[in-house]
Amino acid sequence: MPTHSNFTFEDYLFYNKISSSIMFPIYIFATFGNMIIVAATLKSKKLRATCSLLIAIQALCESIYPISAFMFLYFALTEKIHTYHQCYWIQFVPLGAANIAINMMPVVALDRCLSLGLPLWYRRKNARNYICALLSVPVAYDIFLKILAYAFANDEEVVCVIPTGLAGLAAKIWSYAQGPVAVAVLIFYVAMRVYTKDLTRQSWVVINLNKSLQKIVVVYLCGYAAVAAVNFSGVMFSTNPYIINALSSFSGIFAGINAASPVVILYCQSKLYRTEIDALLGRKARVMVWSSSVHMTT
686 MPTHSNFTFE
696 DYLFYNKISS
706 SIMFPIYIFA
716 TFGNMIIVAA
726 TLKSKKLRAT
736 CSLLIAIQAL
746 CESIYPISAF
756 MFLYFALTEK
766 IHTYHQCYWI
776 QFVPLGAANI
786 AINMMPVVAL
796 DRCLSLGLPL
806 WYRRKNARNY
816 ICALLSVPVA
826 YDIFLKILAY
836 AFANDEEVVC
846 VIPTGLAGLA
856 AKIWSYAQGP
866 VAVAVLIFYV
876 AMRVYTKDLT
886 RQSWVVINLN
896 KSLQKIVVVY
906 LCGYAAVAAV
916 NFSGVMFSTN
926 PYIINALSSF
936 SGIFAGINAA
946 SPVVILYCQS
956 KLYRTEIDAL
966 LGRKARVMVW
976 SSSVHMTT
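Per our numbering, the sequence shown starts with residue 686, numbered consecutively.
In short, the hints are calculated from the structure, not lab data.
Possibly wrong hints are sitting among the right ones.
[What the hints assert, rightly or not] Under the rule of at most 30 angstroms between Cα atoms (straight-line distance), these lysine-lysine pairs were calculated in the DSBU-like manner:
hint, residue 1, residue 2
1, Lys-896, Lys-731
2, Lys-810, Lys-956
3, Lys-810, Lys-896
4, Lys-831, Lys-765
5, Lys-896, Lys-728
6, Lys-702, Lys-765
7, Lys-857, Lys-728
8, Lys-900, Lys-730
9, Lys-857, Lys-702
10, Lys-810, Lys-730
11, Lys-896, Lys-702
12, Lys-900, Lys-731
13, Lys-831, Lys-896
14, Lys-728, Lys-702
15, Lys-730, Lys-896
16, Lys-956, Lys-702
17, Lys-810, Lys-900
18, Lys-731, Lys-831
19, Lys-730, Lys-956
20, Lys-831, Lys-728
[To be verified] DEER-style ranges, computed between Cβ atoms:
hint, residue 1, residue 2, range
21, Leu-966, Ile-707, 21 to 31 angstroms
22, Leu-805, Ser-706, 44 to 54 angstroms
23, Glu-842, Ala-910, 29 to 39 angstroms
24, Ser-923, Glu-764, 18 to 28 angstroms
25, Asn-839, Lys-956, 18 to 28 angstroms
26, Ile-752, Ala-964, 44 to 54 angstroms
27, Asn-691, Arg-733, 54 to 64 angstroms
For glycine and all other residues, C-beta sits at the position ideal for the given N, C-alpha and C.
Input sequences plus hints: build the corresponding full structure.
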């Protein structure tokens, strides 16, 4: 087992093979699961509410950025090396999708808080302008990191994965940002719990959707905590770039679990999403047929 002081480039390549192999099946599931959410939203008129559109946008991003994990597996197993300059462009699209997806969970949670706390204003809002305003923060965050990453890109060689699409100060900001995002999600989660507990007149659709989102938030909080802890420990307690990059690659496992969780939770918890996903996949819905003495499920 290599120590902090003698962790070499060869060790870095070896541990990348392990982390990329673990990540691959998780991201395969995440990609197809999130594509199903997007397709169901596009097909169903019942999933055109603002919250459903925001969930679909997040799902779209989380079906794009796993491309990085698939490339990472190839690069790790073949030991193909790129410079930070090259990796910046290779990861340009997946990194953009990841940056937006990371910030979409607090956006969705904020939307639920506004819908519960300001119901009259929420119903009268201009949906297009409202969605654009909410998306401005994740998009601005991505643009800021892209500009900073371009300025700090260099010719040091790495195995190209999403974290190594950033270099220097951009990589540190990306690592540190996980903490504030997790705190924001936690604050909105508590607010959602308070609003949901106080409001009694809600449709079953809203109740199930809010419960689904609360479960997703819990999973995301655990994932954010794990990603933040791994990345933060790398940049704070080591100056060895190979250790920092190896830990950043390993943190992708927890990010993959986050990306894979929405479709599972929405399908299991929300009857609306389950019905629309079943319709998309050509599965018959379970319908209860009652008689005076017996009921059957078809």
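Against the structure, the hints:
1. Lys-896 to Lys-731: holds, 18 angstroms
2. Lys-810 to Lys-956: holds, 27 angstroms
3. Lys-810 to Lys-896: Given that 30 angstroms is the threshold and the Cα spacing comes to 24 angstroms, the pair holds.
4. Lys-831 to Lys-765: holds, 23 angstroms
5. Lys-896 to Lys-728: holds, 23 angstroms
6. Lys-702 to Lys-765: Status holds; Cα separation ~11 angstroms.
7. Lys-857 to Lys-728: violated, 40 angstroms
8. Lys-900 to Lys-730: Given that 30 angstroms is the threshold and the Cα spacing comes to 25 angstroms, the pair holds.
9. Lys-857 to Lys-702: holds, 24 angstroms
10. Lys-810 to Lys-730: With Cα atoms ~19 angstroms apart, Lys-810 and Lys-730 stay inside 30 angstroms; holds.
11. Lys-896 to Lys-702: The given pair, whose Cα atoms are some 38 angstroms apart, is violated under the 30 angstroms limit.
12. Lys-900 to Lys-731: Holds - the C-alpha atoms of Lys-731 and Lys-900 are around 22 angstroms apart, at most 30 angstroms.
13. Lys-831 to Lys-896: violated, 35 angstroms
14. Lys-728 to Lys-702: violated, 39 angstroms
15. Lys-730 to Lys-896: holds, 22 angstroms
16. Lys-956 to Lys-702: Judged against 30 angstroms, a Cα distance of about 40 angstroms means the pair is violated.
17. Lys-810 to Lys-900: The given pair, whose Cα atoms are some 27 angstroms apart, holds under the 30 angstroms limit.
18. Lys-731 to Lys-831: violated, 36 angstroms
19. Lys-730 to Lys-956: Roughly 15 angstroms separates the two Cα atoms, so the pair holds.
20. Lys-831 to Lys-728: violated, 33 angstroms
21. Leu-966 to Ile-707: 21 to 31 angstroms: holds, 28 angstroms
22. Leu-805 to Ser-706: 44 to 54 angstroms: holds, 52 angstroms
23. Glu-842 to Ala-910: 29 to 39 angstroms: Holds, at about 31 angstroms.
24. Ser-923 to Glu-764: 18 to 28 angstroms: holds, 22 angstroms
25. Asn-839 to Lys-956: 18 to 28 angstroms: Since the Cβ atoms of Asn-839 and Lys-956 sit about 52 angstroms apart, the hinted range of 18 to 28 angstroms is violated.
26. Ile-752 to Ala-964: 44 to 54 angstroms: Between Ile-752 and Ala-964, where Cβ atoms are some 28 angstroms apart, the hint is violated.
27. Asn-691 to Arg-733: 54 to 64 angstroms: About 57 angstroms separates the Cβ atoms of Asn-691 and Arg-733, which means 54 to 64 angstroms holds.
Checked against the numbered hints above, the structure violates hints 7, 11, 13, 14, 16, 18, 20, 25 and 26; every other hint is satisfied.
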